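Chemist: Listed below are the residues making up each chain.
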Amino acid sequence: MQLTNDPETLAPADCSGVCIFAEQRHGKLASVSLELLGEGRRLADALGQPLHAVVLGGGVGPVAEEVRHYGADRVHVVDDAALEHFQAEPYAAALVAVVRQVKPAILLVGQSNVTRSFVPAVALALGAGLVGGCTQVALDDAKQNLVQTRPAFGGTVFASVLTETARPQIASVRPRMFEPAARLDAPAGEIVAHSLPDDAAPRTKFLDSVDELGDAVDLTEAEVIVSGGRGIGGPEAFAMIRELADALGGVVGASRAAVDAGWIAYSHQVGQTGKIVKPRVYVACGISGAIQHQVGMRSSDTIVAINRDPEAPIFKLATYGLVGDVKQIVPALTRRFLKG
Amino acid sequence: MNIVVLVKQVIDSNDGKFDPATGLLVRAGQPATINALDEYAVEEALRLKEKLGGTVTALTMGPAGAVEILKHAVAMGADEAVHLCDDALAGSDSQATAHALARAVLTMGEVDLVLCGAESFEGATASVGVAVAASLGLPCVTFVKKIEEIGDGKAIVQRAMEEGYDRIETPLPAVMSVIKEINEPRISSLKGKMRAKKYAPKTLGVADLPEAAPERLGAVGSKTRVVRTFPPTPRPSGVKIEGEPDEMAEKLFAALKG
Ligand SMILES: Cc1cc2nc3c(=O)[nH]c(=O)nc-3n(C[C@H](O)[C@H](O)[C@H](O)COP(=O)(O)OP(=O)(O)OC[C@H]3O[C@@H](n4cnc5c(N)ncnc54)[C@H](O)[C@@H]3O)c2cc1C
Ligand SMILES: Nc1ncnc2c1ncn2[C@@H]1O[C@H](COP(=O)(O)O)[C@@H](O)[C@H]1O
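The listed protein sequences derive, respectively, from chains A and B. Taking this note's numbering, the leading residue of the first sequence gets 6, the next gets one more, and so forth. Taking this note's numbering, the leading residue of the second sequence gets 32, the next gets one more, and so forth.
For the record, the hints were derived by calculation from the structure and aren't laboratory data. Bear in mind the structure is a predicted one, so any value in this text is a computation, not a measurement. C-beta: ideal position from N, C-alpha, C; glycine also. Mixed in with the good hints there might be a few duds.
What the hints assert, rightly or not - To be clear about the criterion: a stretch of chain A counts as covered by chain B if any three or more of its residues have a C-beta under 8 Å from a C-beta of chain B, and this derived list gives those stretches:
hint, segment
1, 109 to 120
2, 159 to 170
3, 179 to 189
4, 229 to 243
5, 337 to 343
Using the sequences plus the hints, can you model the full thing?
Modeler: Spelled out as C-alpha cells, the structure:
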C-alpha cells in the first residue's frame with residue numbers, strides 16, 4: 006500500500022464559474038443533471054460567470070449534444086471506451102483532469118450511487134471540500150461562498166455548511182430539489198473535447214449488470230411512488246400496488262419489511278437503508294411509518310397513507326390519511342384514477 | 032485474509048444537537064451506538080474469516096466513548112480492535128476523517144480488505160470509505176450487496192446501482208462499502224460478550240500515524256465548516272379521508288386533482 010501524496014490544490018483566486026456534472030446512464034441524461042443545469046445557470050448568472058457542464062462516458066457524443074440544449078456555456082466531454090461502464094477510477098481521473106483545466110469555483114453533482122462512488126476521491130485528489138446530500142445551495146451575501154444546506158439525522162435537523170478556503174466548492178445535491186433547466190430548441194454552448202489521462206486505466210473490471218427495475222424509472226427521480234409494506238399481506242399483493250402506480254403514472258416502492266420478506270427487490274426499498282425519495286405524491290400502503298422509513302420519504306410533496314390502524318405513525322406525516330383495509334382501498338383508488 | 036472493518040459511533044437518537052458556537056455535533060450525554068450498516072460490515076468480515084482464515088480488526092476514530100462500539104465488534108467476533116482517539120482529531124469532516132483512518136490502516140501490517148458501511152446515519156455523506164481508498168491508493172467498490180467470490184488476490188462482487196446491480200471484479204487489497212442486503216448480522220454469543228467485557232482496544236493517537244499531515248486533520252484540516260443548524264419546517268397537519276372505499280377514492284381523487 007502506498008499513500009497518495011498531498012494534493013496539489015487549486016488557488017482560490019484562479020477559480021471562477023460554475024461546473025455541473027451531467028451524469029448519463031446508458032446514454033440517457035439523468036434527470037438530476039437537468040436540475041443541476043437549471044440551478045447552475047442561476048448561480049452562474051448571479052456571479053456573472055460561465056456555466057460549464059461535464060459529460061463522461063463511452064460513445065456519449067449524442068448526450069453531450071443534448072446538454073447543449075440546456076444552457077451551459079461550455080460542455081466538456083471525455084469520451085472514452087474506459088468510461089463506457091461506470092467504474093470509479095477512470096471517472097475520478099477524468100473529472101479531476103477537467104476540473105484542473107476549467108478551475109471552477111463551484112462544482113455541483115447530483116447525488117446518486119455513481120457520484121457517491123467516485124466524487125469523494127475527486128475531492129481528495131483536489132484537496133477540496135465535499136458536502137453531500139444538499140437540499141439547497143445559495144450564494145452568501147458577498148457572493149464569495151456557496152451556502153450548502155443539507156439534512157442530518159434523517160432530516161430532523163438541517164445544517165448549512167461553507168467551504169471557505171478550498172476550491173472548487175463541491176456540493177452533491179439530492180434529486181428533485183431544483184427546477185430543471187428548460188430545453189432550448191437551438192443548441193448553444195461549445196463542446197470541448199478532453200482526453201482521458203494516461204494513468205486512468207481502472208484496476209477493477211466491469212463484468213455485467215443486472216437491471217431489477219425493468220422499464221420503471223429510478224425511485225429517486227420518480228414523480229409518483231406507491232409503496233407497499235408488510236400490511237399488504239404478501240408478494241402477490243404487489244400486483245395491486247403496481248396497478249395503482251400505473252394508474253397514477255408512478256413507480257413501485259416498498260418498506261424494508263416487504264423487502265426483507267422477499268416480496269420485492271431491494272432496489273425498491275425506501276428509507277434509511279434504502280432510497281431517499283422526494284416524489285410529488287407518495288402513497289404508503291400498509292406501512293406503519295417507522296422512523297427509518299420516514300427518513301426516506303418525509304420530504305415528499307404530498308403523502309397519502311392507507312393503514313387500518315388509526316394510530317400508525319405514518320398518519321402523523323400524511324397529507325391525506327385513509328384508515329381502512331388496503332385490500333379494499335387500493336383497488337378502489339385504482340378504479341377511480343383510471344377513470345380520470 | 033486480513034480484514035480491517037471501519038466502524039463508526041453514531042448517536043442513537045433522531046434529534047442530533049449541534050453546538051451553536053462551533054457547529055459541531057454534541058456527542059456528550061447522547062446515547063451512542065454502532066452505525067447500523069457497520070454491523071453488516073463486521074458480519075461480512077467474520078463470515079470471510081470463517082471461510083478463509085485470517086484476522087478481523089475493527090477500527091474506529093472517535094471520542095473516548097467510542098470504545099463501546101469496538102467492544103460490540105469484539106463481542107460479535109472481531110479478533111482485535113483499534114481506537115484512534117486524539118483531541119487533535121475533533122471536528123474532522125469526512126475528508127479529514129478519511130485522511131486519519133487511512134493512516135491508521137497503514138499501521139496494521141498486511142491488510143487484504145478494508146470493509147466499511149456504505150454510509151453513516153447521522154451524516155450520511157457516504158464518502159469516508161471512498162476517500163479512505165483514494166488516500167490508500169486502493170481500488171474501491173461501493174454499495175456491495177454480495178461478494179460472489181474472493182481469494183487469490185481478487186474478488187467478484189455485486190455493486191448496487193439505482194436500477195439494479197453491476198458485477199465488478201477487483202484486485203485485492205481493496206476497500207468495499209457494504210449495504211444491508213449483504214447479510215444478516217449475528218447476535219453476539221455469550222462467550223463473545225465475556226471476551227469483549229475484558230477486552231481493551233489498542234489506542235492510537237495522531238503521533239502514531241505515519242505521514243499524517245497535521246494541516247489535514249481535525250477541525251483545522253477540514254475544508255467544510257457547519258455555520259448554522261436549524262430544524263426543518265414542520266409539515267402542515269394532514270386531513271383524514273373517511274367513508275367507504277369508493278367514497279374515499281372519490282375524495283382523494285378530488286383532493287389530488289384539485
Ligand atoms: C438500522 C435499520 C434500518 C432500517 N432501514 C429501513 C429502511 O430503509 N426502510 C424501511 O422501510 N424500514 C427500515 N427499517 C425497518 C423499520 O424500522 C420498520 O421495521 C419497517 O419500516 C416496517 O415496515 P412496514 O411498515 O411495512 O411493516 P410494519 O411495521 O409491520 O407495519 C405494517 C402496517 O400495516 C398495517 N396493516 C396491516 N394489515 C393491513 C391491512 N389489511 N390494511 C391496511 N393496513 C394494514 C398495520 O397496521 C401496520 O401499521 C430499518 C430498521 C433498522 C433497525
Ligand atoms: N470516524 C469513523 N471511524 C471509523 N469509520 C468511519 C468513521 N466515519 C465513517 N466511517 C466509515 O465510513 C462509512 C461511511 O460513513 P460516512 O461517510 O460518514 O457516511 C461508515 O459506515 C463507517 O464504516
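Chemist: If a hint holds in the structure, say so; if it does not, say that too.
Modeler: Here's how the hints hold up against the structure:
no., hint, result
1, 109 to 120, "holds (count 3)"
2, 159 to 170, "holds (count 12)"
3, 179 to 189, "violated (count 0)"
4, 229 to 243, "violated (count 0)"
5, 337 to 343, "holds (count 5)"
Of the numbered hints listed earlier, those contradicted by the structure are 3, 4.
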